[in-house]
Amino acid sequence: MTASLRDSITTGDAPARPPAPALKRRWLDFGQHLDWRRRVLLGLTGWLLFVFGWYLAAHAGLASERLFPGPVAVMRALTDLFVEQGFLGDVLSSIRRILISFSLAVAIALPLGLLMGAFARIDGLLNPLLGAFRYLPAPAFIPLLLMWLGTGDSQKIALLLIGVVFFLAIMLADVTRQVPAAFIETAKTLGGGRRVVLWTVVFRHSLPGYLDTCRQMLAVSWTYLVIAEIVAATDGIGAMMMRAKRFVHVDDIMAGIVTIGLLGLAFDALFRLVYRWRFPYLRGEHQR
Amino acid sequence: MHNGSGLIIENAGKTFRAGGRDPRVALEGVSLHLPPGRVGVLLGPSGCGKSTLLRMVAGLEEPTTGALSLNGRPVTGPGRDRGMVFQSYTSFPWLTVRQNVAYGLKITGDSSSLREGAVEHFIQAVRLEDVADAYPHELSGGMRQRVAIARTLANHPELLLMDEPFGALDPETRWQMQELLLGIVRKERTTVLLVSHDIEEALYLGDVVFFLSSHPGRLREVIRPDFKKEVPAGDREALLDHPQYRRLDMHIRRLMSEEGTTRASPVAEAADRG
Ligand SMILES: Nc1ncnc2c1ncn2[C@@H]1O[C@H](COP(=O)(O)OP(=O)(O)OP(=O)(O)O)[C@@H](O)[C@H]1O
Ligand SMILES: [Mg+2]
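If you read the protein sequences in the order shown, they are chains A and B.
Using the numbering used here, the first residue of the first sequence is number 1, and each one after it goes up by one.
Using the numbering used here, the first residue of the second sequence is number 1001, and each one after it goes up by one.
It is worth saying that the hints were derived from the structure and are not from the lab.
Glycine is no exception: its CB is placed at the ideal position from the N, C-alpha and C atoms.
Some hints could be false.
[As the list claims (entries may be wrong)] Among chain B residues calculated to face chain A with C-beta under 10 Å, some are:
#1 1085
#2 1108
#3 1231
#4 1232
[What the hints assert, rightly or not] Chain A stretches covered by chain B per the calculated footprint, using a threshold of three residues with CB under 8 Å from any CB of chain B:
#5 86–98
#6 115–121
#7 201–214
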């Protein structure tokens, strides 16, 4: 019955139509997807514009070359630092502090965030507590940490940890809460117990969000790193910058800033790479 | 395995109490019996509590009054014996089609079913063998729903619950899915309780149709399309042409419009609130 109906509707020759005009393309439009070549090109363009603006500003004679060096001088200082002053050791110390403190932060915040996001009672217990700690400025702990832990690495790692862990726990809990109830109910009706649902649905669904959150919070970590290394540190990027300040080596300070920026960019790229590699099923949904 | 008393619902009621607002009676005094191996359809106007009843059977919603049991065991929570296919597409996006279908067997540690090829069997039954290694986002809505059906069936539930499983599909796909479901269910002898708001779907799939009325949701009528024995199983056109089909169709339409008018009338609305 339906087949014959459909036939009678679609039979009959369609009139010849002029070729369809191509869709109008615009340089800026909603929902555009870029291939990696375009992304790199655009990213480089942004950087070049910035460096060019910097160059113009530095050479416009607004401030002395000594106080506001241009990009060329800073690059020279950077090479100098690496080649002659063993800056690589400083960089590695900083990276080590970041990695240790951030791993600790994740190790503490992830279980908390997972349980808070999954179970309202645990959230009720911990959210007000962690939420309050989040508002305490981490640098305010520096005097305490100096007294408790001395001036060594543990004091710096502790500061980085305090600066990040509370935010991380709350944000990971927020991510965890996004799991659609229908997924949880599906798993339950398939015979999943609490532990199984927690790992195979709640945790698994949240993984991409966790990675994203960690990426954001790692950036915050770098902020605290400089604060930690400015206070009583002998090595690290921040320490180098403090030494340079004593001798008004502005180019060295700026080289430190550039180094942190580049390291941040590298870590960000690493996160994106892991994201694309581990979560192929998200490729269609939102591109990063 | 499926011998037993089937699904028995006795005097089930559900009142939602949201903080501060008036309690809302969604269901009241619903009693019904679905024998093993049969397909039961819950039909009724929107908001009459079909989903609530189904979720109560699944163990996802606690009944305020009454009791439910499946094959002699009281319902105390969700379990593998009552598989559910939701209206929204709930295939897990991070698993491929094959992994989705195997999920239930993996988490319940049913290694014998895994070994015996239950996963491949049901992937073939819903005709997804060509996309078995694709992720759900690469599939159409109808295909995703087939993943959910295969996943639930691979788990060998005693009762298959479905909440408007084909509601979001176009008519053509919906027909195909209904035929597919009927074929599988006849072969596996699964008991099915399915929510629908489509009369044709209800009469085509159902051995027994439970018509619910709204405000509050009650079981208004049990309709048994027994004339279906006279038409070849699954022959839709013969079914639609049968005089008894037209009679039942008219009858249900009348029930629906009665429900519609009582709800739309301002008097009833005022009485509702008062
Ligand atoms: N969690 C809830 N809290 C409060 N009220 C609810 C809740 N769930 C359902 N209800 C109410 O219970 C009644 C029945 O809802 P239910 O979803 O079971 O209807 P339905 O028959 O499935 O409708 P539809 O055909 O539109 O899906 C409705 O009046 C609804 O507002
Ligand atoms: Mg519903």
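Task: Ascending list of hint numbers which this structure does not respect - done: Going through the list in order, the structure violates hints 3, 4, 5, 6 and respects the others.
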